[in-house]
Every structure is written in structure tokens, then in C-alpha cells.
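Novice: Make a model of the complete structure from these sequences and hints.
Chain by chain, the residues:
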Amino acid sequence: MLQQRDVPLDWITNVLTHPKSQQGLIPNTELENDLAKTSLPTVTFIISKKPLIARSYTLYFLLMNESTPTLHPIKTNVSFRL
Amino acid sequence: MTSPILATNSTLFLSIQRASNSHHTGLWAWLQFQITGQIDLRWWLVAGNLSLLGITYLFYTNLANFPRWWNLPVAFFKRYEYGITTTTSQRYSIYSVISTASLFVFILSEAQTFSHIKRFLFPTIFAFSVAIHLKYVTFCLRNPEGRKAELTTKMENYQLTHLGYDYFEIAILDKLRRNSNYNLSISAPIHSKAFYDNFNQPPVKSIKLRVNQLYQTRDKLHFTGTILGTTEHIAAINRIF
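Just so you know, the protein sequences line up as chains A and B, in that order.
Note that the numbering used here has the first sequence beginning at 1, numbered continuously upward.
Note that the numbering used here has the second sequence beginning at 1001, numbered continuously upward.
Hint data in this document are derived by calculation from the structure and do not stem from the laboratory.
Given the structure is predicted, the values throughout are model-derived calculations rather than measurements.
No residue lacks a Cβ here, since even glycine has one placed at the ideal position from N, Cα and C.
Some clues are possibly wrong.
[Unchecked claim] Ranges between beta-carbon positions, derived for each pair: (1) PHE1033(B) to SER48(A): 49 to 55 Å; (2) ASN1143(B) to ILE53(A): 56 to 62 Å; (3) ASN28(A) to GLU1156(B): 35 to 41 Å; (4) ASN28(A) to PRO1144(B): 48 to 54 Å; (5) TYR1158(B) to ILE53(A): 52 to 58 Å.
[What the hints assert, rightly or not] Here are a few chain A residues that face chain B, going by a calculated C-beta distance under 10 Å: (6) ALA36; (7) ILE47; (8) PHE80.
Specialist: Following this line, the structure appears as C-alpha cells:
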């Protein structure tokens, strides 16, 4: 997930059912990896810049599992400016 | 144009007018609005009650070969079951009067052929109708509470589906309430302790990525990175399940 760097991530709200497009963007890494023909642990995505309105973004991971209601989003060391 | 309330009341006017078009409801509402400047349901109720007199009169004029006071039981069959002010009670009373009148006509036509019934028919029906009116006799539905719940849940679910929100079906909530599962106590925790700890203290707080490629073109953002330390993280996440 790409989250605006200056906006704290609201992880209480489910970002999948209530996507706040102003705050962040969730690329489907599984799908993007298939398109780029790469596989985990390598992650590749090519996304449109259109919804990325802020100046800088931080990359988070949202791990999902069928038996778990919520997992804490995991922050990565990667931030970038546009 | 036709709200549920107006549609319910339309039956009253339709019975007077012998009209089969439901758009007459809107016409009546429009007419009242043009005359008085507002749509008042109370006048509709009054008109509905007057229509009952009209039905009794129709029955009275069509009583052939019988004394005219035979329509007394029909008038007595009217009974306010759910209160006087609701549209449901209006509909209930008009249906009951109409059905009683038609039933009565049928019995009378049968009595023409069997003349010995004729002698006891009027006192029987009259006593029966008075007994019903004074609530000495009550018709009981099979499982009335169940039917009521079923109907109301259907109505509520219809409203909820058309509101556009996520919801539990009322039937499910009702089932939970009836089986007292709202207050269900859980003797042992369902998940492991690590599972619940995850909500307070996530097992993996951060992941390190090695960025292989990160660049942007005019309209696209390209990213390729590799997750470092995968096996530890997977082990940490697996611990909570």
C-alpha cells in the first residue's frame, strides 16, 4: 500500500472496504507480479500516477489471511518523492 | 406519486368509485391538496368509514325477498382490531365488512332452497355477529406472533436492502435474540494468546525492502523491490495462527 508520508495510516478502518483514495493506494501485488512475471519475495508494480496527489509516499504491507480479521499494516523502509 | 400510506388508503376510495386504476390515489391526494392546500390523512380515514356505510347501503338495497333489517349483522361485523387510527385497521374493517356481506349473500341464496334453515339463520348470525363485535368470539390465527414477525422482518429487510447499507438480516438478529446468543458466554478463548496480542503488539513491525528499480515516466510509477528477511517474518506471522 502506498500511503501519504505525512498522513498517519488509519489502520482501525478497513482500507479495503472503505478505501480512502485521498490518503493512499493499494496495488494488488499478486496481480502486478503476475503481469511483470516476477514472484515473491520480489515485488513489482507499475501503477498510474493519477491518484497519487501528494508529494511523497511511504510503502506499507498489508498481510491478509482468510482466518484473521485484521493484521497490523507493516511499514517498510521505502519512501519516495514524486 | 403513490407513497405506501396513500396506496393503502386508495382501497377505500377504489371501493367507493369501483375504479380499478391505482393512479386514482394520486388523483385524490391532488384533489385534496388543491382544495385545502394540504394532504391530511384523517379526512381519508373519515371517508373510509363513510364508505362502510355506503357498502351497508348497497347490501341493504340488494336484499331481495328478505326483510330489510337482515343487514344488521353485516353492520355489526365491523370491529376495530388494531386501533381506530391506523390504515391497517381501515383496510381490515373494509375487507371484513365486504367479506361478511358476500358470505351473507351466499348463505341467503342457499337458504332459498332449504327453507327450514331460514327460520334459524337470522337469529344465529345476528347473535354471532354481536358476539364477535363484543369480543366474546375471537378468531385465532395459527402462530400469530410468528406470522407477525415474519411479515415485519420481510418489510424491514426490504427497506434495509433499498437503503444501500451493509446489514444483518433482521431474521438473523431475531434468531440470535430468541436463542439468547447475545449473552452467550465463551468459556475458553477461541484463538491463541499470540492472536490477541497481535492487536496490541504486531509480530512484525517493519519489513525491509531492497529497492531494485524505482522510477517514474510521464503517467506511470515503476517499482521493483525485494523483501529482505522473509523467512523470519513468515515465521513470526505464522505464530499467530
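Novice: Compare the structure with each hint and give your call.
Specialist: Consistency of the hints with the structure:
In this structure the hint that PHE1033(B) and SER48(A) lie 49 to 55 Å apart at CB holds, the actual value being about 54 Å. Checking the proposed 56 to 62 Å range against ASN1143(B) and ILE53(A) shows it holds: the Cβ atoms sit about 59 Å from each other. In this structure, ASN28(A) and GLU1156(B) meet the distance hint of 35 to 41 Å, their C-beta atoms being roughly 37 Å apart. Taken as a hint, the range 48 to 54 Å holds for the pair ASN28(A) and PRO1144(B), whose Cβ atoms sit roughly 53 Å apart.
In this structure the supplied range 52 to 58 Å is violated for TYR1158(B) paired with ILE53(A), their Cβ-Cβ distance being about 41 Å. Taking 10 Å as the C-beta cut-off, the interface hint given for ALA36(A) holds, the closest approach to chain B being about 8 Å. Below 10 Å, beta-carbon pairs count as interface contacts, and ILE47(A) has one with chain B at about 5 Å; its hint therefore holds. Checking PHE80(A) against chain B: minimum C-beta separation of about 6 Å stays under 10 Å; hint holds.
Consistency with the previously given hints fails for number 5 only.
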